[in-house]
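From first to last, the protein sequence lines stand for chains A and B.
As numbered in our numbering, residues 1 to 330 make up the first sequence, in order.
As numbered in our numbering, residues 331 to 613 make up the second sequence, in order.
Since the hints were derived computationally from the structure, they do not count as laboratory data.
None of the values given here were measured: they were computed from a predicted structure.
One thing to keep in mind: the hints can contain errors.
Heads up, incomplete: computed chain A residues facing chain B, CB under 10 Å, no partners named [to be verified]: (1) Leu68; (2) Phe112; (3) Thr121; (4) Leu123; (5) His134; (6) Val136; (7) Ala139; (8) Gln142; (9) Ala274; (10) Val277; (11) Val278; (12) Val281; (13) Leu282; (14) Leu305.
Glycine residues also receive a C-beta, built at the ideal position from the N, C-alpha and C atoms.
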Amino acid sequence: MKDDTISTARDLARRARWRLAEIVFWLLAFAAVFLPPGKHLLLNEVAILALFALSLDLILGYAGIISLGHAAFFGAGAYAAGLLCKLVTPDPLAGMAVAIVAAAVLGFVTSFLVLRGTDLTRLMVTLGVALVLHEVANALPQWTGGADGLQGMAVGPLLGRFDFDLYGRTAYAYSLTTLFVLFLLARRIVQSPFGLSLMAIRRNTLRASALGVPVNRRLIAVYTLAAAYAGAAGALLAQTTAYVSLEVLEFQRSADVLLALIIGGTGWLYGGIAGAVVFKVLQDTLSSNAPQFWMFWMGLFLVVLALVGRERLSRGIGGGVRQLLARGRR
Amino acid sequence: MPSGTLLGQALISGVLAGGMYGLLALGLSLSWGLLRLVNLSHFALAFLAAYLTYELGTTYHVAPWWAAAMVVPVMLMIGLAQHWLFDRFKVNELASLLITFSFAVILEVAIQLYWTADYRRFETHYSTMSIKVGAFYIPVLELALCMVAGVLAWGTWLWLRKTYVGKALRAAAEDADIAAAYGVDHKKLAYLLSGMGAAYAAIAGTFIALIATLAPAQIWAWLGVVFAVVIIGRLGNPLGALLAGMLIGASESIAMAIFAPAWAPVVSFSVLIAILLWDPEWL
Chain A
1 MKDDTISTAR DLARRARWRL AEIVFWLLAF AAVFLPPGKH LLLNEVAILA
51 LFALSLDLIL GYAGIISLGH AAFFGAGAYA AGLLCKLVTP DPLAGMAVAI
101 VAAAVLGFVT SFLVLRGTDL TRLMVTLGVA LVLHEVANAL PQWTGGADGL
151 QGMAVGPLLG RFDFDLYGRT AYAYSLTTLF VLFLLARRIV QSPFGLSLMA
201 IRRNTLRASA LGVPVNRRLI AVYTLAAAYA GAAGALLAQT TAYVSLEVLE
251 FQRSADVLLA LIIGGTGWLY GGIAGAVVFK VLQDTLSSNA PQFWMFWMGL
301 FLVVLALVGR ERLSRGIGGG VRQLLARGRR
Chain B
331 MPSGTLLGQA LISGVLAGGM YGLLALGLSL SWGLLRLVNL SHFALAFLAA
381 YLTYELGTTY HVAPWWAAAM VVPVMLMIGL AQHWLFDRFK VNELASLLIT
431 FSFAVILEVA IQLYWTADYR RFETHYSTMS IKVGAFYIPV LELALCMVAG
481 VLAWGTWLWL RKTYVGKALR AAAEDADIAA AYGVDHKKLA YLLSGMGAAY
531 AAIAGTFIAL IATLAPAQIW AWLGVVFAVV IIGRLGNPLG ALLAGMLIGA
581 SESIAMAIFA PAWAPVVSFS VLIAILLWDP EWL
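Please put together the full structure from these sequences, using the hints given.
This is how it looks when you write it as structure tokens:
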């Protein structure tokens, strides 16, 4: 029994250790800040989508809540940051803080709706909350600018020193730093007893509650947390583009983030980041020639992914690469 | 507050417009409730059928009902083919959502390639015809739509309730293993139901061609409302789907008349959320 505990603890500690690949990845990501100008706008978009997907991973990958309306929190954060900038203070960090709080409050309130009923109810309620919010934003043009969007945001310099430039270098550095800080926090959270209890809930809710895990409270907590993360991503978009439109609340955005996360794989935190990189880079390259074909390839890819399954697909690609290498050696 | 006539007219057009929600919800409700497959491509199939009806009508001057007679079997085959894929790969609920979403995207691109992203309107002399009852006007096309939807919903409901095949389907949805032990061939029934769903999409599509303006992006326009309708009408209940459609249509139309048009889309989900708050076991 005691051996079991020790080996489990060792196992958990091993899982929590930083791997070389992780460290290299983050170093490369930060090194990209110093690239010559040109790709920073795209990189900024990647970082924002990555943070948004990370937020979805917290509820889908760790708590098993599927959301079709995660844009609700992204949009809430974006509008909160935008309005604060326009009406109160241009300081981006203050906007970020307000956006996080606003999205978290919305997440906390709606979590009570989302957690009622089964998986399918959740799907519909998340979709519904986002759609209702979209329509409310559309119906209140005096606040949100309606279909014209929230214009005239003059975002102040970061930390009072770094101005947001036209090429997006500051924007990327800001988004990446936010992503990194929140990633560290998420990494710590999922490895804590709290995170482990979430995974227990996802695997078997009934058994988890029999073991004394307060299922509903945990789900409310993680849903609120994920909403806060999504709000941060929304704030990043609003501040780095100095513009908020109704698009931040659209179904398309919820679908995109779900797709990005599914491409990267759920439940390991890097899935959202990997998916965001693949998604945005593919979108950028494919849609430069023909925008509609980008969606076509995306659709086709998803069909294959869903039908064949990620394991078999990656094993297939890995196997193919290995075969090629073996052939090359011969 | 608007006048009684206006409210009455809003109620009538709302109920009639809700017939379209109900008709679209019918096929979705069946596959979701009885097969546990969330079929997002249902909307894309309906629009493909609408575009085919439009093409047949404008280029070859085929009357809408003959067009429907041609389009329905085509959609039926597509529905069966899609189900073959699901069956072959043992697709679960989430994967079905993902795959049918992708199908819908692919179909949207295909429609856009052939018919371009321009708005298309299939003008027939039916579209302006209406019957005058007292102070109210009842558009003929919408009335026909509601009657067709009513017949289909009532027929499907009776079929599920009274016939052996229908009962077997419901039993298999309740507990596939036990039903199989009693000799229900769930696989065959699932094909039947998928084909039916696609045929319903085709019928809805014919009416979409006659009533609405067509554009590829419109595929997604009804997604939220119709999903809400499917749930409010309870999964797998055809009559419920139609009634919920009419209820939502009427509430939207009245909300539009009393408040502002912008608030109409909020109605369906407010009703849905209220129902879920009242009874979380609704689904």
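| field | glutamine 142 of chain A as chain B interface residue, shortest Cβ-Cβ below 10 Å | value | violated (13 Å)
| query | How about alanine 274 of chain A: closest beta carbon in chain B under 10 Å, or not? | reply | Status violated, d = 18 Å.
| task | With chain B as the partner, please determine if leucine 305 of chain A meets the hint condition of a C-beta pair closer than 10 Å. | result | holds (8 Å)
| Is the shortest C-beta separation between leucine 68 of chain A and chain B less than 10 Å? | holds (8 Å)
| Holds or violated: is there a CB of chain B closer than 10 Å to the CB of threonine 121 of chain A? | Since chain B brings a Cβ to about 5 Å from threonine 121 of chain A, closer than 10 Å, the hint holds.
| field | Closest C-beta approach of valine 278 of chain A to chain B relative to 10 Å, hint status | value | violated (16 Å)
| request: Go through the hint on valine 277 of chain A and say holds or violated, using the shortest Cβ distance to chain B against 10 Å. | output: For valine 277 of chain A, the interface hint is violated, since the closest Cβ of chain B sits about 20 Å away, which is over 10 Å.
| chain B contact restraint for valine 281 of chain A - C-beta distance below 10 Å | violated (19 Å)
| query | Holds or violated: is there a CB of chain B closer than 10 Å to the CB of histidine 134 of chain A? | reply | This interface hint holds because 8 Å falls under the 10 Å limit.
| said: Take the shortest C-beta to C-beta distance between valine 136 of chain A and chain B; is it under 10 Å? | reply: holds (7 Å)
| request: So, leucine 123 of chain A near chain B? Judge it on the closest CB pair being under 10 Å. | output: OK, holds: leucine 123 of chain A within 10 Å of chain B, min 8 Å.
| said: Tell me if the interface restraint on phenylalanine 112 of chain A is satisfied: Cβ within less than 10 Å of some Cβ in chain B. | reply: holds (9 Å)
In the structure shown, a violation is registered for the earlier hints numbered 8, 9, 10, 11, 12 and 13, in ascending order.
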